[in-house]
Amino acid sequence: MIDDVLWADGNAAGGVLARFFAFDVTRMLITCDSCGAESPLGALRLYGGQMGIILRCTKCGAINVRALENGGALTLDARGARRMTYRPESNSS
Amino acid sequence: MPITRGFKGRQTETVGARDRVPPGQYVTRDFPVLTAGPTQRTPLESWSLSLQRGGELISRWSWKEFEALPQTEHTTDIHCVTKWTKLDTRWRGVTFDDIMKAAGLSSAPNMYVMAHCDGGYTTNLPVADLVDGKAMIATHFDNMPIPTTHGGPARLLVPHLYFWKSAKWVRRLDFMEANTPGFWESMGYHIYGDPWREQRYTNDA
Amino acid sequence: MATVAAFRDETPSVKTIAFAVSQWAGHLAGQHVDIRLTGEDGYQAERSYSIASPGGTAALIELTVERISDGEVSPFLTDGLALGDTIELRGPIGGYFTWRPENPSPLLLVAGGSGVVPLMSILRTRNKSANRVPGRLLCSSRRFEDIVYREELDRFAASDNSFSIVHTLTRGAPTAWRGETRRVDTQMLAKYALPAAQKPRIFVCGPTLFVETVADQLLALGHQETGIKTERFGPTGEKR
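If you're matching them up, the sequences are chains A, B and C in order. Heads up, the first sequence is in the numbering used here, so the first residue is 3 and it goes up one at a time. Heads up, the second sequence is in the numbering used here, so the first residue is 1012 and it goes up one at a time. Heads up, the third sequence is in the numbering used here, so the first residue is 41 and it goes up one at a time.
Rather than coming from a laboratory, the hints here were simulated on the basis of the structure. Computed from a predicted structure; not experimentally measured. Incorrect hints may appear among the rest.
Calculated pairs, DSS-like style, for lysine-lysine (alpha carbon to alpha carbon, straight line, at most 27 Å) [as the list claims (entries may be wrong)]:
(1) Lys1097(B) x Lys1019(B)
(2) Lys239(C) x Lys61(A)
(3) Lys1145(B) x Lys1094(B)
(4) Lys1075(B) x Lys1019(B)
(5) Lys1019(B) x Lys168(C)
(6) Lys239(C) x Lys168(C)
Incomplete in silico selection of chain C near chain B, CB under 10 Å [what the hints assert, rightly or not]:
(7) Ala58
(8) Arg76
(9) Gly79
(10) Tyr83
(11) Gln84
(12) Asp125
Where is the CB? At the ideal position from N, CA and C, for every residue including glycine.
Make the full structure from the sequences, and use the hints.
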């Protein structure tokens, strides 16, 4: 689905989100509330550019997570994520 | 905030235009594309614009019908909350006033409007900021049909507010009783968005 | 904060900048940093850059930057910085796109232009470690002069039987060229990608369209989605 080239990988949102989470949020597994697909946050499609962070499911395109950083504050809307799972790393990633 | 020695951002000073540039903005000759999702590409045969109240249909126009409405040209400056300002942008479309007239409305049934767009984007506006020539549904930019990446075939144009209110790919204007926040407003951008008062985020004056 | 410690030209349009970073916690191969530049009027620009230096705790890291001619940030980094200058730098970021030498899977790296940077961090990390599980880099560049890290990559391939490189040039090749001469396509991947049955760990990095095309083709060749990690540069070539 090469639709257009205006998205990046969710991994690129890691910098902003890192300031608000105690763990590496790019490795968190996100379950899409629309279609049930599971994906690491770092693999979701990142839109929004300078407006904010919009992370969309790679399967169905629905918004899983939205985030807006303003100075030291973060607003996070994860309604589009049915579940978010973090597991500590194993050595052979 | 540490200054980076020697760094100058992508800013173009336009002599004599400082009074046209709201606080915190810089003038650009580019037209940056910002998007919340994939570019919407609605074929004209499937396109329609609806005027609604509380979700109930008041009037609807197909593309042909919409193009037959009175056309207005407007040259104006636009201001994005991400700090770029573009001067003297030329648009053509149908004013909100003419849309109301075409729908047979002499006054608005509610005080606020939510604009709904292909792709799911929404933005909220007071009717007072749409009437009296303040806003249009634009179909042409610089005399050419608006490209899909910039919101074509039709986008809302409300240039006196930050440009996130000029919603791309607009399809429905729904009159509502309360000023319900739209897509960005519900994330912390300002509910109104006046660039001259620098109302970027919710707690800005 | 990060202080410019050294420069190294890689190609006519690509430069490596070494930064001494205060309070650097160390990084894994594949991670990136966010840098922020502030003009005198307060205007700020932020960009992400992959770390080129191998994973580790050294407080001296390297970024390799391609000068995008009408870019806002890259020309400043390649031409405007001087030794001793400081910039705001945050990281390391992105545990998602990382590789550790303990990983026992065969390794396939596919690079489009300056997308080779994080993959070079992986290769440098691998080279320093004991990991000699089969590894291959398929590297797409415009012209011979544009191949980033060419000599170091050649040294890796020459001294390590478990690692091989395939180069392809998309805009013309020198006369004695023995590599490929076209954009990466399904035939090239079918020929050079490690077999899907080996379940390699795959990293693809480069411009968005390149990454999307390669990833789709790898899936069509039978590779598992969970084994492919991608890093896309935005339309301007600058990440984000």
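Hints and how they fare:
Our distance criterion of 27 Å between C-alpha atoms is met by Lys1097(B) and Lys1019(B), whose separation comes to about 18 Å. The straight-line distance between the Cα atoms of Lys239(C) and Lys61(A) is roughly 22 Å, inside the 27 Å bound, and the hint therefore holds. Taken as a hint, the Lys1145(B) and Lys1094(B) pair is honoured in the structure, with Cα atoms around 22 Å apart against an allowance of 27 Å. Distance check on the hinted pair: Lys1075(B) and Lys1019(B) sit about 47 Å apart at the alpha-carbon level, beyond 27 Å; violated.
For a cut-off of 27 Å, the pair hint linking Lys1019(B) to Lys168(C) is broken: about 39 Å separates their Cα positions. For the proposed pair Lys239(C) and Lys168(C), the alpha carbon gap of about 24 Å is at most 27 Å, so the pair holds. Below 10 Å, beta-carbon pairs count as interface contacts, and Ala58(C) has none with chain B, the closest being about 18 Å; its hint is therefore violated. With its C-beta approaching chain B no nearer than about 8 Å, Arg76(C) sits inside the 10 Å limit, and its interface hint holds.
Because the smallest distance between the Cβ of Gly79(C) and any Cβ of chain B comes to about 5 Å, under 10 Å, the interface hint for this residue holds. Of the supplied interface hints, the one on Tyr83(C) holds, with its beta-carbon coming within about 4 Å of a beta-carbon of chain B, less than 10 Å. For Gln84(C), the shortest C-beta to C-beta distance to chain B is roughly 8 Å, which falls under 10 Å, so the interface hint holds. Interface restraint check: Asp125(C) against chain B, minimum CB-CB distance 6 Å, threshold 10 Å, status holds.
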